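Peer 1: Now for the letters of each chain:
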Amino acid sequence: MVPSPTLAVNIAPLRDVHKALIRLRVNGETHEVYVPVHKTLLEVLREDLNLTGTKHGCELGECGTCTVLVDGEPVLSCLALPIELQDRDIVTVEGLAERGVPHPLQVAFAELGAAQCGYCTPGILVAAKSLLDQNPRPTLDEIKEALAGNLCRCTGYIKILEAVELAAQRMTGNWKRETGNWGTGSGA
Amino acid sequence: MRLPAFRYLAPKTLAEASRMIADAGPDGMLVSGGTDLFPNMKRLQFDPRILVGLRHLSELLGVSGDPHRGMRIGAATPLHQLGLHPAIRARYPALATAAGSVATPQIRRMGTLGGNLCVDTRCNYYNQSYEWRRAIGFCMKRDGDVCLVAPGSPRCVAVSSSDTAPAMMALQATVVLSGPDGERTLPVAALYHDDGMAYLAKRPEEILTAILLPPVDGLRNTYWKLRRRGSFDFPILGVAASLRLDGDGTCTDARIVLGAVASRPVEAIEAEKLLLGQRLTSDLIEEAAMAAYRPAKPLDNTDLTLAYRKRMARVFVARALRELANLP
Numbered sequence: 001m002v003p004s005p006t007l008a009v010n011i012a013p014l015r016d017v018h019k020a021l022i023r024l025r026v027n028g029e030t031h032e033v034y035v036p037v038h039k040t041l042l043e044v045l046r047e048d049l050n051l052t053g054t055k056h057g058c059e060l061g062e063c064g065t066c067t068v069l070v071d072g073e074p075v076l077s078c079l080a081l082p083i084e085l086q087d088r089d090i091v092t093v094e095g096l097a098e099r100g101v102p103h104p105l106q107v108a109f110a111e112l113g114a115a116q117c118g119y120c121t122p123g124i125l126v127a128a129k130s131l132l133d134q135n136p137r138p139t140l141d142e143i144k145e146a147l148a149g150n151l152c153r154c155t156g157y158i159k160i161l162e163a164v165e166l167a168a169q170r171m172t173g174n175w176k177r178e179t180g181n182w183g184t185g186s187g188a
Numbered sequence: 001m002r003l004p005a006f007r008y009l010a011p012k013t014l015a016e017a018s019r020m021i022a023d024a025g026p027d028g029m030l031v032s033g034g035t036d037l038f039p040n041m042k043r044l045q046f047d048p049r050i051l052v053g054l055r056h057l058s059e060l061l062g063v064s065g066d067p068h069r070g071m072r073i074g075a076a077t078p079l080h081q082l083g084l085h086p087a088i089r090a091r092y093p094a095l096a097t098a099a100g101s102v103a104t105p106q107i108r109r110m111g112t113l114g115g116n117l118c119v120d121t122r123c124n125y126y127n128q129s130y131e132w133r134r135a136i137g138f139c140m141k142r143d144g145d146v147c148l149v150a151p152g153s154p155r156c157v158a159v160s161s162s163d164t165a166p167a168m169m170a171l172q173a174t175v176v177l178s179g180p181d182g183e184r185t186l187p188v189a190a191l192y193h194d195d196g197m198a199y200l201a202k203r204p205e206e207i208l209t210a211i212l213l214p215p216v217d218g219l220r221n222t223y224w225k226l227r228r229r230g231s232f233d234f235p236i237l238g239v240a241a242s243l244r245l246d247g248d249g250t251c252t253d254a255r256i257v258l259g260a261v262a263s264r265p266v267e268a269i270e271a272e273k274l275l276l277g278q279r280l281t282s283d284l285i286e287e288a289a290m291a292a293y294r295p296a297k298p299l300d301n302t303d304l305t306l307a308y309r310k311r312m313a314r315v316f317v318a319r320a321l322r323e324l325a326n327l328p
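First to last, the protein sequences are chains A and B. When you line the first sequence up against my numbering, it's residues 1 to 188, in that order. When you line the second sequence up against my numbering, it's residues 1 to 328, in that order.
Warning: the hint list may mix true and false statements.
What the hints assert, rightly or not - Quick list of simulated restraints, FRET-style, between CB atoms:
1. B:Ala307 with A:Leu21: 39 to 47 Å
2. B:Leu304 with A:Thr30: 43 to 51 Å
3. A:Gly113 with B:His68: 47 to 55 Å
4. B:Ala150 with A:Arg170: 56 to 64 Å
5. A:Asp16 with B:Gly152: 15 to 23 Å
6. B:Gly277 with A:Ile158: 47 to 55 Å
Claimed, not checked - Counterexamples of contact, computed for chain B against chain A with all Cβ distances above 12 Å:
7. Pro86
8. Arg203
9. Leu212
10. Thr281
Said to hold, decoys possible - Listed next, the in silico EDC-like pairs over lysine to aspartate or glutamate satisfying Cα-Cα at most 20 Å (straight line):
11. A:Lys19 with A:Glu32
12. B:Lys12 with A:Glu84
13. A:Lys144 with A:Asp133
14. A:Lys144 with B:Asp233
15. B:Lys202 with B:Asp66
16. A:Lys144 with A:Glu73
17. B:Lys310 with B:Glu286
18. A:Lys19 with A:Glu62
19. A:Lys19 with B:Asp47
20. A:Lys19 with B:Asp27
21. A:Lys159 with A:Glu145
22. B:Lys12 with A:Asp87
23. B:Lys202 with B:Asp27
24. A:Lys159 with A:Glu111
25. A:Lys19 with A:Glu84
By construction, these hints were calculated from the structure, which means they are not laboratory data. As the structure is a computational prediction, the values presented were derived from the model and not from experiment. Glycine included, every Cβ here is placed at the ideal spot set by N, Cα and C.
Chain A extracted, bound-state conformation (with noise of 0.2 Å):
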């Protein structure tokens, strides 16, 4: 792109770009690339690792749909530097299913319908992923503050949070629906 007179003016002029060559590890899997040390982390995702599941939002850390985990927790990519994530464990959406059996979460809200336009989608799923690693019998309040950085801009949150707990059922099995509380066998 050409910088308009106008903004050459605040803009400083071309500079030379510095780039490196970065080692990022990715839903288990390594990759080098060489690109200008400026380049976001959810750039280089989408725009180098051709991975264009995790989305920009805001690009500004006001949406939370560009959610990855750094080492398990979630962070925002768009405002992350490849250059100082390197070795790190990075996973993003496309790294929830194993060997193509959808993760217990992505079946929930597939069946609660708790996506609609689902571009927030991917970064609720990788927060939400998160804090079940965590805290696997998570209460609702829990789920909520774990979901506090994500928004959504088409409908309310209540399918979200109500897959979220499905999925957490599911994966530990001793949720008891009608009262809202754990049971009380092992390890509740």
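Given the coordinates of chain A, work out where chain B should sit on it, guided by the hints.
Peer 2: Showing chain B alone in chain A's frame:
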């Protein structure tokens, strides 16, 4: 929106980072979590040619000490960890609450305590894209020469928007700054100027390395935050309060610090004086809240209305003090 191009430097030690940022001069900026810097860079509020990354420096990581002896928190410690730290939650709840209420779960995992203490001041006329700012004629904080909130103002009135800064002031914490000439410590209160542009007393080549919390020694403390939504939002009012009460309930120490009412956190000194040497009753708390409300002078440059934000300063000071005094 994309980031403007920059060179990224990854120092291995604090000494190396100090040299790099000093060598970079006005072209350089420090980055740790990046959750404040990168959105601002995308909007061309900052346009550094060189970024010096701090997040991997071991000197800036980790929480040590305990509430009896005081604690040291590395400046690059993620906010998320502070919100969960058992000793901080138990004894420095003002800090745990403030750190745990910043932005979103994702941002708290990326953003650091040092970054939140140094977070850029905010304003409706400033936190906008380059094109938006150009269309309205730019303000003095970036690219222009007038204040669009208060056109007669000789200085920028952008708002201090840190949650942890008022909490740290109420806890009487100090910061450690490391520069080319060595280290110095400052009370957190002395880290800030009431100027939306030159809001930090930290020199550009200095690196905030750690925050020191004094021994808790019976200091009750809390933090109350006002914002439109329960998540995401910066504070449009923060109230951090701390009290020491002796055996019969007499107040021997009081700090009340308001966030997001000026370009720096504001200590409500008159309100504190009213509490000292007194037992906290509902009437006294109302009187102190009224005294704390007077120095709160929010301007019409953040979310929600001016009158409401000012009124809530009184309400939140009263609620914070009632909580600390165990009054219903």
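Peer 1: Against each hint, give a clear statement of whether it holds in the structure.
Peer 2: Each hint, compared with the structure:
no.	hint	verdict
1	B:Ala307 with A:Leu21: 39 to 47 Å	violated, 56 Å
2	B:Leu304 with A:Thr30: 43 to 51 Å	holds, 48 Å
3	A:Gly113 with B:His68: 47 to 55 Å	holds, 54 Å
4	B:Ala150 with A:Arg170: 56 to 64 Å	holds, 57 Å
5	A:Asp16 with B:Gly152: 15 to 23 Å	violated, 44 Å
6	B:Gly277 with A:Ile158: 47 to 55 Å	holds, 53 Å
7	Pro86	holds, 16 Å
8	Arg203	holds, 24 Å
9	Leu212	holds, 27 Å
10	Thr281	holds, 34 Å
11	A:Lys19 with A:Glu32	holds, 13 Å
12	B:Lys12 with A:Glu84	holds, 13 Å
13	A:Lys144 with A:Asp133	holds, 16 Å
14	A:Lys144 with B:Asp233	holds, 16 Å
15	B:Lys202 with B:Asp66	violated, 27 Å
16	A:Lys144 with A:Glu73	holds, 16 Å
17	B:Lys310 with B:Glu286	holds, 15 Å
18	A:Lys19 with A:Glu62	violated, 28 Å
19	A:Lys19 with B:Asp47	holds, 18 Å
20	A:Lys19 with B:Asp27	holds, 19 Å
21	A:Lys159 with A:Glu145	holds, 16 Å
22	B:Lys12 with A:Asp87	holds, 17 Å
23	B:Lys202 with B:Asp27	holds, 17 Å
24	A:Lys159 with A:Glu111	holds, 10 Å
25	A:Lys19 with A:Glu84	holds, 14 Å
Of the numbered hints listed earlier, those contradicted by the structure are 1, 5, 15, 18.
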